[in-house]
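Engineer: Protein chains in written order, with this note's numbering: chain B, 5 to 77; chain Y, 2 to 753.
Since the hints were made in silico from the structure, they are not lab data. Keep in mind that the hints are not guaranteed to be accurate.
Unchecked claim - Some chain Y residues close to chain B (C-beta under 10 Å, calculated; not the full set):
hint, residue
1, R7
2, L24
3, T390
4, H510
5, G545
6, D546
7, Q655
8, S745
9, I750
Quantities reported herein were computed from a predicted structural model and do not represent experimental measurements. No residue lacks a Cβ here, since even glycine has one placed at the ideal position from N, Cα and C.
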Amino acid sequence: MATEKTYYTIDPEGKLTCMKCKVPLRKGNAKFMYLDNGFPVELPVCPKCGFVYVPEELALGKVLSVEKALEDK
Amino acid sequence: MIIKERQSTHVYRQKQLFSKEELEARESLCVHEQPAYCNAACPLKLDTKAMVAAIASGDFSKALQLYEKITPFPYILSALCEAPCEGKCKLCTLGEGVSVRELEAAALCYGERAKKKGLLRKKAKKAAIFGADLFSVFLAGELAKKMYPVTVYCSQSDAADLVAECIPELPAAAKEATVADLKKADIKFEFSTDPASAYAETVEKYDLIGASYSVAQQLYPGLTVDETVMVYREQKLLTGKTEGVLDAAFAAKKAALSADRLAQNLDPSNTRGEEGSVETRLYTNTGGVEASNRIRITDRESAVAEASRCIQCHCDECIKGCVYLQHYKKFPRILTREIYNNVSIIMGDHMMNRPINACSLCGQCSILCPNGYDMAEICKLARENMVYTDKMSLAVHEFALMDMVFSNEEAFLCRKQPGFDTCKYVFFPGCQATAIAPATVRAAYLDLCNRLEGGVALMLGCCGAICDWAGRYEMQEDTVKFLDEKLAQLGSPVIIAGCPTCKKELSRHETIGIWDVLETVGLPEKAKRMDRPIAIHDACGARGDSQTQDAIRRIAEQMGCTVEATEYDRDKSPCCGYGGLTQYTNKEVAKKMTDKCLERSDLPYLSYCMACRDRFAREGRESMHLLELVYGTSADHCPDISEKRYNRLSLKNQLLGEVWNEDVEEVDLGFTIDYTTEAIEMMDDRMILKTDVIRVLQNLKETGEAILDGETGLCVTRARLGNVTFWVKYTETETGYLVHRAYSHRMTIQTR
Numbered sequence: 005m006a007t008e009k010t011y012y013t014i015d016p017e018g019k020l021t022c023m024k025c026k027v028p029l030r031k032g033n034a035k036f037m038y039l040d041n042g043f044p045v046e047l048p049v050c051p052k053c054g055f056v057y058v059p060e061e062l063a064l065g066k067v068l069s070v071e072k073a074l075e076d077k
Numbered sequence: 002m003i004i005k006e007r008q009s010t011h012v013y014r015q016k017q018l019f020s021k022e023e024l025e026a027r028e029s030l031c032v033h034e035q036p037a038y039c040n041a042a043c044p045l046k047l048d049t050k051a052m053v054a055a056i057a058s059g060d061f062s063k064a065l066q067l068y069e070k071i072t073p074f075p076y077i078l079s080a081l082c083e084a085p086c087e088g089k090c091k092l093c094t095l096g097e098g099v100s101v102r103e104l105e106a107a108a109l110c111y112g113e114r115a116k117k118k119g120l121l122r123k124k125a126k127k128a129a130i131f132g133a134d135l136f137s138v139f140l141a142g143e144l145a146k147k148m149y150p151v152t153v154y155c156s157q158s159d160a161a162d163l164v165a166e167c168i169p170e171l172p173a174a175a176k177e178a179t180v181a182d183l184k185k186a187d188i189k190f191e192f193s194t195d196p197a198s199a200y201a202e203t204v205e206k207y208d209l210i211g212a213s214y215s216v217a218q219q220l221y222p223g224l225t226v227d228e229t230v231m232v233y234r235e236q237k238l239l240t241g242k243t244e245g246v247l248d249a250a251f252a253a254k255k256a257a258l259s260a261d262r263l264a265q266n267l268d269p270s271n272t273r274g275e276e277g278s279v280e281t282r283l284y285t286n287t288g289g290v291e292a293s294n295r296i297r298i299t300d301r302e303s304a305v306a307e308a309s310r311c312i313q314c315h316c317d318e319c320i321k322g323c324v325y326l327q328h329y330k331k332f333p334r335i336l337t338r339e340i341y342n343n344v345s346i347i348m349g350d351h352m353m354n355r356p357i358n359a360c361s362l363c364g365q366c367s368i369l370c371p372n373g374y375d376m377a378e379i380c381k382l383a384r385e386n387m388v389y390t391d392k393m394s395l396a397v398h399e400f401a402l403m404d405m406v407f408s409n410e411e412a413f414l415c416r417k418q419p420g421f422d423t424c425k426y427v428f429f430p431g432c433q434a435t436a437i438a439p440a441t442v443r444a445a446y447l448d449l450c451n452r453l454e455g456g457v458a459l460m461l462g463c464c465g466a467i468c469d470w471a472g473r474y475e476m477q478e479d480t481v482k483f484l485d486e487k488l489a490q491l492g493s494p495v496i497i498a499g500c501p502t503c504k505k506e507l508s509r510h511e512t513i514g515i516w517d518v519l520e521t522v523g524l525p526e527k528a529k530r531m532d533r534p535i536a537i538h539d540a541c542g543a544r545g546d547s548q549t550q551d552a553i554r555r556i557a558e559q560m561g562c563t564v565e566a567t568e569y570d571r572d573k574s575p576c577c578g579y580g581g582l583t584q585y586t587n588k589e590v591a592k593k594m595t596d597k598c599l600e601r602s603d604l605p606y607l608s609y610c611m612a613c614r615d616r617f618a619r620e621g622r623e624s625m626h627l628l629e630l631v632y633g634t635s636a637d638h639c640p641d642i643s644e645k646r647y648n649r650l651s652l653k654n655q656l657l658g659e660v661w662n663e664d665v666e667e668v669d670l671g672f673t674i675d676y677t678t679e680a681i682e683m684m685d686d687r688m689i690l691k692t693d694v695i696r697v698l699q700n701l702k703e704t705g706e707a708i709l710d711g712e713t714g715l716c717v718t719r720a721r722l723g724n725v726t727f728w729v730k731y732t733e734t735e736t737g738y739l740v741h742r743a744y745s746h747r748m749t750i751q752t753r
């Protein structure tokens with residue numbers, strides 16, 4: 005159900021480091037999935053291991069509101 | 002165990018909540034929209050209640066506008082109407098009813114009459130009325146109001162003569178005003194004419210014909226009038242015999258409606274709707290209303306005072322007691338219809354999901370409603386329906402359901418009393434008592450073992466109420482099966498429930514309350530005396546169980562308490578906010594429910610459901626559970642969500658060691674976890690358990706996956722546990738971790 009629209013863009017600006025790979029996170033392409041609905045996003049991603057970081061503000065903000073909206077579908 | 006999340010928002014399964022007939026039958030129980038007694042009694046359909054309310058607020062003009070709607074000649078009606086509304090006034094059951102007719106006169110006296118708008122066009126069909134009597138005068142007025150050009154042929158010499166002859170009993174002032182009304186009305190009068198001759202000469206010129214009853218008899222001797230429509234059908238003549246002013250006014254209304262039908266070449270009986278007075282099914286509670294006598298109306302002030310006696314009859318018995326209905330500002334009939342429609346939506350937003358899941362399912366409404374309207378049953382059926390059609394989000398109930406799984410798996414305990422092959426009894430304290438007051442449960446079990454003969458087994462677990470409330474009927478069936486098997490293994494003992502909801506849920510077996518046992522064997526020696534007045538909060542699980550309600554009161558009195566009755570006690574008791582899982586689905590409504598419970602009394606609250614005790618204590622109210630009083634255990638601690646789980650597990654382990662000599666080894670994590678105060682509060686609010694954090698940090702140990710936020714200096718790691726991704730922000734300590742923050746989301750995330 006993914007569309008081409010990108011919903012969120014978060015640039016790590018070099019302040020986040022992957023502790024496993026010892027490299028800075030970069031802006032990367034990711035996708036949120038919930039109840040068979042997909043949302044392409046740009047989030048901080050480790051270029052080596054692919055760890056995607058979901059910041060607290062995003063999880064409790066937009067992500068939560070989209071979850072709630074989908075739960076009532 | 003993981004509970005399966007719904008697959009997709011694109012599952013288009015549907016099941017009707019109930020048949021249309023059942024929906025209507027349920028809706029009809031709600032009398033909120035039934036007309037007030039006075040309104041129902043008026044054949045002219047005056048909105049008496051609204052008119053009286055307008056006067057009570059001092060708005061005589063608004064009252065007059067309402068009154069003028071029902072009659073073209075308000076002075077005649079207000080002077081001579083038989084006023085059946087007054088006899089039906091609810092205040093008559095206490096003292097004297099409201100003097101509606103005098104208030105109508107006051108509206109005419111002090112109100113400003115509405116100006117005719119004059120925008121409506123005259124109708125093409127012309128009407129003539131032959132002969133004047135009370136009926137035909139009203140008919141002329143009604144037809145003029147409907148914009149028919151009306152001509153009246155009568156023998157009287159002028160309007161004053163006509164009023165004097167047709168309504169001789171009309172007081173002088175009303176007579177004068179009515180003459181003025183007649184002159185102002187858009188009616189053409191042919192005075193000093195013989196109606197019968199005029200009929201012969203002119204009838205062909207008109208489309209609609211009416212006549213006074215005497216002229217009609219003269220024209221058509223022996224005529225029979227269909228009084229349901231006021232038409233002599235053979236000649237399509239609007240006429241009829243009437244008695245009294247109200248009868249004449251009502252007959253004229255019926256005849257005017259017949260004129261509309263005849264003008265359209267329809268049968269006069271065609272689609273007339275409901276006419277005349279009706280029976281109302283309204284219920285109005287007059288509790289707290291004092292008997293009063295009529296106030297003589299002499300001026301504006303006395304009219305306002307008389308109108309203010311009106312209690313504006315309505316039924317809101319359920320809403321008065323129920324915070325949930327107050328919160329959504331809907332009475333049950335509307336709520337039921339909206340829930341029914343919500344369930345029928347195949348695609349799109351289900352706006353009523355939140356209200357469906359916010360009801361505490363306590364059943365108070367079914368007691369407060371004079372017709373037993375059961376909103377709880379409807380909400381529960383809707384939840385089951387949503388689960389069946391895969392429309393129920395797991396998110397709303399998952400925490401509670403997982404809590405139940407924890408109770409019936411990890412923290413479950415089922416043991417016979419040592420030394421007994423079969424036990425006569427099994428103590429089932431319930432999941433909330435073990436979570437909130439483990440020391441009380443321990444004391445109660447040891448006491449029962451000591452003082453009851455025949456052996457007392459112990460079963461620590463959940464009765465199934467959680468999945469029942471969540472509408473998870475399959476889980477409920479599994480729970481019933483699981484518990485029944487365990488009970489069978491114990492030799493099907495009598496269940497001693499520590500919680501009224503458990504007692505109800507387990508009623509398929511022989512079940513008694515621990516309060517029943519305490520009444521039989523007497524109170525233990527260390528029972529706390531509490532020589533002071535208290536208020537009892539009855540548990541919703543004990544609604545309809547007067548035996549339990551009485552037993553609790555007797556035990557409280559034995560311990561020296563003076564039980565003060567409150568407005569909503571016993572069967573009328575509201576929910577504390579835990580029932581129906583409201584605590585998890587809608588914190589705002591749950592909080593209001595707790596506040597509503599606590600506003601009934603300033604005294605300490607004694608409850609017999611541990612969830613009620615916990616919610617009251619959290620609000621800072623002195624509150625205790627009956628068993629805490631009986632066993633002298635502390636009632637001042639409110640554990641957080643993690644502690645509630647820990648309490649259950651540690652009680653199980655403690656009793657296993659103490660009673661059954663089974664030592665449970667503690668698991669060593671290999672690292673320590675500390676929490677900041679902020680983290681503890683945050684986790685309780687966000688429903689994140691310490692065990693969730695432990696699993697996330699164990700995952701960190703295994704994978705090493707974490708990131709360092711250079712800005713805050715905090716490390717962040719995460720793990721997907723079941724249907725939720727948990728994130729933990731931490732710093733490393735010498736021996737392990739210090740947790741600063743935690744959050745979660747249900748969406749999964751992947752790179753693309």
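Engineer: Against this structure, judge whether each hint is valid.
Structural biologist: Here is what the structure says about each hint:
1. Because the smallest distance between the Cβ of R7 of chain Y and any Cβ of chain B comes to about 6 Å, under 10 Å, the interface hint for this residue holds.
2. At about 22 Å, the closest approach between the beta carbon of L24 of chain Y and any beta carbon in chain B exceeds 10 Å, and the interface hint on this residue is violated.
3. Checking T390 of chain Y against chain B: minimum C-beta separation of about 12 Å lies over 10 Å; hint violated.
4. With its C-beta approaching chain B no nearer than about 37 Å, H510 of chain Y sits outside the 10 Å limit, and its interface hint is violated.
5. The restraint placing G545 of chain Y at the interface with chain B is violated, with a minimum CB-CB distance near 34 Å, outside the 10 Å limit.
6. Taken as an interface hint, D546 of chain Y does not check out: its beta carbon lies about 36 Å from the nearest beta carbon of chain B, beyond 10 Å.
7. Given hint, Q655 of chain Y at the interface with chain B, is violated; its Cβ is 38 Å from that chain's nearest Cβ, farther than 10 Å.
8. Taken as an interface hint, S745 of chain Y checks out: its beta carbon lies about 7 Å from the nearest beta carbon of chain B, inside 10 Å.
9. Of the supplied interface hints, the one on I750 of chain Y holds, with its beta-carbon coming within about 5 Å of a beta-carbon of chain B, less than 10 Å.
Of the numbered hints listed earlier, those contradicted by the structure are 2, 3, 4, 5, 6, 7.
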